[in-house]
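Protein sequence lines correspond, in order, to chains A and B.
Quick note: the first sequence, position 214, residue 214 per this note's numbering, numbers continuous.
Quick note: the second sequence, position 13, residue 344 per this note's numbering, numbers continuous.
Hint data in this document are derived by calculation from the structure and do not stem from the laboratory.
Zero decoy hints are in this set.
Partial chain A-side listing against chain B, Cβ under 7 Å, derived:
| hint | residue |
| --- | --- |
| 1 | Ile2 |
| 2 | His67 |
| 3 | Gly68 |
| 4 | Arg232 |
Negatives, chain B to chain A, calculated, CB over 10 Å:
| hint | residue |
| --- | --- |
| 5 | Ala333 |
| 6 | Arg356 |
| 7 | Val364 |
| 8 | Glu373 |
| 9 | Glu376 |
| 10 | Leu400 |
| 11 | Ala401 |
| 12 | Ser408 |
| 13 | Arg417 |
| 14 | Ala423 |
| 15 | Met428 |
Virtual Cβ for every residue (Gly too), placed ideally from N, Cα, C.
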Amino acid sequence: MIELTGSQLVIRLPEVHEAARLTIDFQRTLRIPDDDREYPLPAGLGQFPLRHVDDFARTVPAPWIEHGGVMLAMYQAEALWVRFDGQYPFAVKIATGKINAVTGEGWRDGLNRDPQDYLTAPAQPWLDGYCVEKGVIRQFVAMPLGRGYSAEEQITGRADVGGLQIVAYPMKREAFASRHTRPGMWLGTAVFSKSSTGESLGMGLAPGGRMRQEIFRDHSDLSDWDQRHRARCFVHIANSVQWRGITGEAPPTQPVTAEAYRRARIPWFDYYAADLKALEGSGILGRLRSVVQLGKDKRETPIPENDSVAIDRVVQLRRGLERSEVREGAF
Amino acid sequence: MATFGPYIRDRRERLRREDPRFSVRQVADRIGVEPSFLSKVERDEVPPPSEEKIVALARDLGEDADVLLAMAGKVSSDLQRVIRKRPELFAALIREMKNLPDQAVLRLVREVRDGNW
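Next up, chain A with everything else stripped away, as it sits in the complex (with noise of 0.2 Å):
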């Protein structure tokens, strides 16, 4: 089952493992430039707050009613990673409108592997964007959906799903055992045409600037994982009109700006697993063009401004994260 607490998904398999616990939430962040330098990753700055989407049955559009799940608000080209944490291991699946974030592939059920379509958690503790190189994603950034700079929209054509979509397999509980002796010591085996307005929709998420992150390949047997259970949920993106129509109240967070974070002098973030190995890019996710080279080509400024960023502190973070170490920033 999943769980909303706070602004935290849970998610607990009982029937699997008493210890199959996920966390996971959408962490505000800078939108780092697209001007295809490779960035470090930028710090979380805090929580999306999360709201169920049945608690607004009345305002929200009828395919959220449809879809289930939860909403969060993002203004345009806002950023956001989504960061995992728990001890037991997971496979878990995410798509922006329904294209899988690791291999470009149209949602599929279940796990596979040639091309590997999913990421280790707690192994892999976060996911920031599109896995478009070996060892390079691209930024998740915010864009409404119908004007074709979705990933979804330039994969399909169509606008038609929107959001953010998650499935999380857990482990065997044999192949947990088999693996893990001492509680709390498990590090992981790795973790156009436009066919509708889109405005109903809200937001879809679009590639945006290049950032050095590796999506570790899975080095468990795929008979490792259970396929038999799962939870899954579909987080929709409200735009910060769309949220004061649906909510009556303001969006509660306002997007970063590069120059607040420099400002509050919040270091930037390298993560190493020398012991896992990067899953190639996707040649689909690969070939598609970021916010700023597609505003470009349509002769617009989706983007209100993209300055090259200095960044003048890296704090190298290693897997097997201390509790001590988080990728956290403050105002």
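Assemble the complex: chain A is given as a structure, and chain B must be docked to it using the hints.
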């Protein structure tokens, strides 16, 4: 069940074996109390600290804040607010549920509904 102080000491010491940053001094610094105070708390020589410090301690040690608060004989202020709004209802609910197995309690937790994608 261990009392609050020895439980904290046990959890902190386990972490310290693998990471020196979990010494009394460094944990006390991170949660904003004097090391001598934390040391007394661990020996049950003084009552547990405030809710704010217990929550900070839980976060630092990777423990569940509600569990630590309960061990310290406290209920978090957000839960108190919830109960105060409808005290009779929640008192009855909690008494009814006191002997239910975890699985049954979990069934009452609101699930994020999954629909058709």
